[in-house]
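Number of protein chains: 2
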Amino acid sequence: MPHKILVAQGGGPTAVINQSLAGVALEARRFPGVTHVYGAREGVRGIVNDDLIDLGQETVANLEAVAATPAAALGSTRDKPDRKYCQEIFKVLKAHAIDAFFYIGGNDSSDTVRIVAEEAKTADHGLRAIHIPKTIDNDLVGFDHTPGYPSAARFVAQAFAGANLDNLALKGVYVAVVMGRHAGFLTAASALARKYPGDGPHLIYVPERTFAVDRFLADVKATFERHGRCIVAVSEGIHDDKGEAIITKLLGKTEKDAHGNVQLSGAGALADSLCEQVKAKLGISRVRGDTLGYLQRSFVGCVSKVDQREAREVGEKAVQYAMLGAGDGSVAIRRVGDYAVDYPLVPLETVAGKTRVMEDHLISAEGADVTPAFADYLRPLLGADVLEVARLRAAKVEKAGVLSGDVT
Amino acid sequence: MPHKILVAQGGGPTAVINQSLAGVALEARRFPGVTHVYGAREGVRGIVNDDLIDLGQETVANLEAVAATPAAALGSTRDKPDRKYCQEIFKVLKAHAIDAFFYIGGNDSSDTVRIVAEEAKTADHGLRAIHIPKTIDNDLVGFDHTPGYPSAARFVAQAFAGANLDNLALKGVYVAVVMGRHAGFLTAASALARKYPGDGPHLIYVPERTFAVDRFLADVKATFERHGRCIVAVSEGIHDDKGEAIITKLLGKTEKDAHGNVQLSGAGALADSLCEQVKAKLGISRVRGDTLGYLQRSFVGCVSKVDQREAREVGEKAVQYAMLGAGDGSVAIRRVGDYAVDYPLVPLETVAGKTRVMEDHLISAEGADVTPAFADYLRPLLGADVLEVARLRAAKVEKAGVLSGDVT
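So the protein lines, in turn, are chains H and P.
Just so you know, we're using my numbering here: the first sequence kicks off at 6 and counts up by one.
Just so you know, we're using my numbering here: the second sequence kicks off at 6 and counts up by one.
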């Protein structure tokens, strides 16, 4: 049974990643054989730099307060370790006699765990290596959903519920861009903002379908003619039939990150460009664009209680699997009821480096909306305390018959 | 005592404007002499179009549900009535024998109420005309603050609290643009996001001070060198020493609205331009920009309970003033304790068409931050249930001494 534990956090922060951290730290304390619970600063980078902190010196009250705080309390990294990097990780783990390693992150992180576990086996160093899932993109293969997604989805749904009402009060076209490079789950969550007939978003574009600017304009025109307004949800990752990002097409240039990916988040250019298209081509005057940006993963005060609970539980389960000798793996979430889940330990190979996208039955046939099956899938994840909005019922008053009509 | 009441909502929606509407409708029902409570669809436009609904046919449950819903349930308008328009308003009021008129809005709306009241006096038609305050800009002269501002301020503070943590986990420069053309109160609210030493926002730029791009870059550079990161809050209305909007300077073009104002909201260009300046001139690679956009006034699920209560009360007080014959006026909010308020009826002339900006003692001497006096001013408005965030306390683990240093 492991004695020295190390936990780290990788990739983009979420509203509940610290729940998993607290789950690991607090659960590990329950095992009398555990002598040390360390955390690495700034993900795997903190390991290779041997920059560790002692979570055994944290109070329960502070761990609980951190658990309820968004972002990544240990710090994170965008480093994507190759084998050489993983060997460096293993070297530090071995030097500290760490025999259980937990990495909270997405599919890149699970790949890191996989390689580190291999290195340990090669060196005959007893190490339990467990991947704890986290990503607002909801793109881990074999998972019903991933911790972090429900809270971000809730933010998106509440943002669109409000934007829909705002746009109903002052009518026009409203385009909001949502995070998601390959998977449209987060953008799709905007559908849960609808309550009354005619509510937006009226159009939802996910990266699982080809985006054509002409088709988009035709969709907006038809919606605007029908409702006198139009709310659009767009994934940042929309692309044309050749796979070229729409933002690149519209702007003619883009920034690329260290991995050669087009920089999508942290700029409002896609929303602005789409709005300009609507103004120029459709002649609609009130056109507004928002980019939900970092708020959708870090806003303080928007969390799904279901997500909170599950993020805590995957951390706890990871420690239990490590302690009870279940082997290396990733703690998956499987839906086993309506609504209930289990947390099986699945092989790292089934998760590592793979990307799930929205299944076909979740996207409407014409490609600019989601299906009722998607709403059924997402609704229980948002928690029972979803906020309701209401409209007036509007019994009209008979006109007094004095209109001159010369003002409007 | 009035028998027929009309209420309307004008200008930009807020999180609590429907509290004031419910306050009017529910309070009016308490007076046996009141036979009709009407609402105008889409502000004053609904009046001149004689497009009214009967709020007497709304249930209490639905009015309460609407009260808890953001945006403007009656619909709103950006129309800024001149005297001729106000005469049309008065014509419809008279035709319906309306003897009490309530308009929920900002300083333009109070001016409309003022002119309509004058028309009524000229025509010798008994009309009580009351302005009920509302604006996230907090820019009404003679008010301690305006309903709508505390909830929007809470959103801004929570957004920056989250962005600060996110940026702490993945370091870089983060610039977020906040609404506010002339008044920086909403941008200033970002200061309430700070808790720990070194927390952002590190720089806050309000439109009450001249913005110089060179000075901004020097400020960012100094902060980045000190903290390894930098969070910036910027008002959309920042301008240079000649009064030209920074967005116009950086972009070389802008859209203007019907009133000839530069279109500031509903686009991400200012944040993007400032980020590009930081990347190009300071050579910092991880630079991200967000524009809080419409979420700050319409997000479902971010409201100050103090704001909710006060917005309800100004609606109720407006009806009481009209019923008890206090004359025309605007229902102001005065701070009379720490924290307690009164709602005096003030003359429309003291509010109408005037704009309050941040007082000098609320802005730091060097102009890139607020003072502790601002935090003292804002804190009670956010409500007692402000969300706390927490950090780990980070007891360092002694290094194992195996670093090769060849990965990083």
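Heads up, a few of these hints could be off.
It does not matter which identical chain is meant; a pair holds if it fits inside one copy or across any two.
Distance condition first, Cα-Cα at most 27 Å in a straight line; then the derived DSS-like pairs of lysine-lysine [claimed, not checked]: (1) Lys-310 <-> Lys-99; (2) Lys-85 <-> Lys-176; (3) Lys-401 <-> Lys-176; (4) Lys-404 <-> Lys-85; (5) Lys-254 <-> Lys-284; (6) Lys-284 <-> Lys-96; (7) Lys-226 <-> Lys-310; (8) Lys-99 <-> Lys-254; (9) Lys-404 <-> Lys-226; (10) Lys-404 <-> Lys-200; (11) Lys-247 <-> Lys-359; (12) Lys-226 <-> Lys-247; (13) Lys-96 <-> Lys-401; (14) Lys-126 <-> Lys-89; (15) Lys-310 <-> Lys-200; (16) Lys-99 <-> Lys-286; (17) Lys-96 <-> Lys-286.
Worth flagging that the hints you see were computed from the coordinates, not collected in a lab.
Going through the hints against the structure:
no. : hint                : result
1   : Lys-310 <-> Lys-99  : neither (38 Å within a copy, 53 Å between copies)
2   : Lys-85 <-> Lys-176  : between (45 Å within a copy, 17 Å between copies)
3   : Lys-401 <-> Lys-176 : within (20 Å within a copy, 55 Å between copies)
4   : Lys-404 <-> Lys-85  : between (67 Å within a copy, 23 Å between copies)
5   : Lys-254 <-> Lys-284 : both (18 Å within a copy, 22 Å between copies)
6   : Lys-284 <-> Lys-96  : neither (58 Å within a copy, 36 Å between copies)
7   : Lys-226 <-> Lys-310 : neither (39 Å within a copy, 40 Å between copies)
8   : Lys-99 <-> Lys-254  : neither (49 Å within a copy, 57 Å between copies)
9   : Lys-404 <-> Lys-226 : neither (32 Å within a copy, 63 Å between copies)
10  : Lys-404 <-> Lys-200 : neither (30 Å within a copy, 56 Å between copies)
11  : Lys-247 <-> Lys-359 : within (22 Å within a copy, 55 Å between copies)
12  : Lys-226 <-> Lys-247 : within (25 Å within a copy, 40 Å between copies)
13  : Lys-96 <-> Lys-401  : between (75 Å within a copy, 19 Å between copies)
14  : Lys-126 <-> Lys-89  : within (16 Å within a copy, 85 Å between copies)
15  : Lys-310 <-> Lys-200 : both (22 Å within a copy, 25 Å between copies)
16  : Lys-99 <-> Lys-286  : neither (62 Å within a copy, 44 Å between copies)
17  : Lys-96 <-> Lys-286  : neither (59 Å within a copy, 40 Å between copies)
The structure fails hints 1, 6, 7, 8, 9, 10, 16 and 17 (numbered hints given earlier, in ascending order).
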